[in-house]
Amino acid sequence: MFNGGRARAADGRDEEERADRLLSHHLTTGDEPALDQAIALYRQLLDSAAPDTGRNVARTAANLMAALQIRYQLRGSPDDLDALVELGRERAQCEPVRPQDVRLLGLAYQQRFALYERSDDLDRAVDAFDRASRLPQEAETAAQSFGTLAQTLRTRQRIAVDRGTAREGTRATRPASPDDSAAPTAPDLLPDLLRATEAQRHALRVLPDGAEDRPAYLSNLASMRHDAYVYEGDVGALREALDLWSTALAAVPRRGATRALLLRNLSQAHREWHEHASDDAHRVEMLRVHRTALAECPPGHPDRAELLAGLGVALRLAAEDTDEVAWLEESATLLREAARFFRPGTPQRARRLNSLGNTLHRLAQRTGDTAVLDEAVATRRAALAEERPGTDSHAGALANLAVTLRERAIQTDDVTSLREASRLAREALHATRNSPPGHAVRLANLGVVLQSWHGVTGDTTAADEAIDVARRTLALAPAAGQPRADRLNHLANALRARFTSTAEVTDLDEAIGLLEAAARQVPYGDPSLAVILSNLGSARLTRHHHATGEPGELEQAVSELGRAVWA
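Numbering (our numbering), first residue to last: 211 to 777.
Simulated from the structure, these hints should not be mistaken for laboratory data.
Incorrect hints may have been included.
[Said to hold, decoys possible] Ranges of calculated distance between the beta carbons of each label pair, as one might list FRET restraints:
(1) T543 - H511: 17 to 23 Å
(2) D531 - W776: 18 to 24 Å
(3) A467 - P306: 34 to 40 Å
(4) G555 - T626: 26 to 32 Å
Even for Gly, the Cβ is constructed at its ideal location relative to N, Cα and C.
Could you build all of it, start to finish, from the sequences and the hints given here?
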């Protein structure tokens with residue numbers, strides 16, 4: 211057994227050297243008895259030291275704290291953790307206070323929180339790291355202090371949000387992902403996120419140029435900005451996260467775990483950015499990043515299934531803005547492959563089946579292939595079977611199946627599918643009454659299904675209910691912008707549809723007024739403006755033919771239909 215050699219000298223210096231050699235031997239070989247001996251020697255030296263020993267005691271204490279930390283990580287003994295906290299508190303009261311000692315104390319509190327989940331330990335960890343960041347120190351250790359403070363604040367933020375105990379702040383509104391089964395109820399933003407972001411920015415400012423760990427600091431800041439997007443809906447923060455992750459990616463080696471993680475984060479952020487500011491250049495970059503991430507992940511790697519699914523979703527998003535049916539076909543192939551990797555009964559499988567259902571639905575819309583549409587319905591049913599009743603994701607799966615069944619009814623004149631779609635849309639709406647974002651979406655879905663039912667059956671009761679649902683949906687829309695324009699257009703369509711059954715000109719009058727308001731909400735050049743203007747021109751033509759017969763109305767209708775072509 212290695213014992214460090216040499217007997218103890220009177221002044222303890224040889225014992226100190228022996229303890230150092232034992233600790234070094236453990237770090238080199240993993241010899242745990244050597245670590246135990248080193249800790250015992252460091253403790254003896256501290257216990258026997260005179261009060262005025264000075265710097266030698268500080269060095270011994272620091273080594274003991276480091277050794278206790280190593281042993282705790284090896285064995286997980288709460289006794290070592292408590293000893294580390296007690297020693298750290300003592301050292302934090304001694305002058306001069308060393309930043310590394312305070313950081314070790316903060317780490318011990320952090321680990322004790324992980325062990326017992328006592329919030330006061332996490333608060334003490336924040337206080338310790340905050341104090342460490344304020345102490346005089348070299349630039350690189352200052353960056354470490356600010357970085358650990360930022361990460362601990364972020365941890366406290368995320369735990370509070372998960373527990374629903376977020377403190378007062380800005381109301382967060384996360385934009386719903388197209389592949390989320392249901393949009394979550396947004397929590398209140400914690401001020402900890404703001405503090406964490408500022409601390410991480412400070413860490414980057416003081417970090418020496420060319421530091422090897424600079425990409426990690428950039429990535430951590432990107433994660434915090436992404437949190438701001440998730441919790442606040444801050445699209446500018448998402449753009450900054452994209453830029454930071456891209457910068458970090460360019461600075462890491464071509465292979466390795468760090469690069470793989472950056473590619474995954476960057477891929478997700480690109481999919482989210484697509485919802486807000488997609489253009490040709492972004493689509494190309496989004497697909498390039500996703501393909502790179504998948505190409506660098508070897509077969510059999512545990513991350514490969516998620517990367518297959520990510521590329522599948524990205525291809526569908528890109529195809530929705532173009533006429534690239536080939537992208538939808540590739541998306542379906544990838545998502546089918548990804549779904550096979552996930553065990554039945556897991557949330558991951560439900561999400562991937564939902565993503566596959568989205569792609570198959572879009573592909574069937576583009577191609578009119580009823581076999582693909584049948585597969586979409588079967589996939590939606592499989593996704594619903596994976597969800598637990600009473601959850602938001604179950605409500606989302608109900609709504610998704612209803613929408614796809616409606617599509618099949620439209621393509622095949624299958625009244626049975628439409629009847630089931632109506633029932634499922636009502637169930638989905640009932641299941642999301644406590645989730646405002648989800649409730650608005652489900653209400654709109656029900657309105658669309660009811661309009662389709664009226665169109666197929668001529669049932670004026672369904673037309674009346676569709677209009678009522680559309681009015682309720684409009685009441686939940688923002689006061690201005692694209693979402694309101696969509697809801698105005700939706701209500702106008704419901705009124706126009708009832709006019710075809712009842713010939714009530716007041717419905718047509720109201721529909722035209724709504725479409726005029728919708729057109730004012732959308733900027734020229736937006737694709738949805740063409741749809742609104744086309745509906746408006748058609749509504750005026752109908753009123754001219756059935757009611758007014760005025761030449762001026764005909765001229766207006768022709769003008770709006772012409773603008774729709776050029777919009």
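Verification of the supplied hints:
1. Checked against the given bound of 17 to 23 Å, the beta carbons of T543 and H511, roughly 19 Å apart, stay inside it.
2. Checked against the given bound of 18 to 24 Å, the beta carbons of D531 and W776, roughly 19 Å apart, stay inside it.
3. Separated by about 38 Å at the C-beta atoms, A467 and P306 satisfy the suggested range of 34 to 40 Å.
4. Range check, G555 to T626: about 29 Å between beta-carbon atoms, so the 26 to 32 Å window is met.
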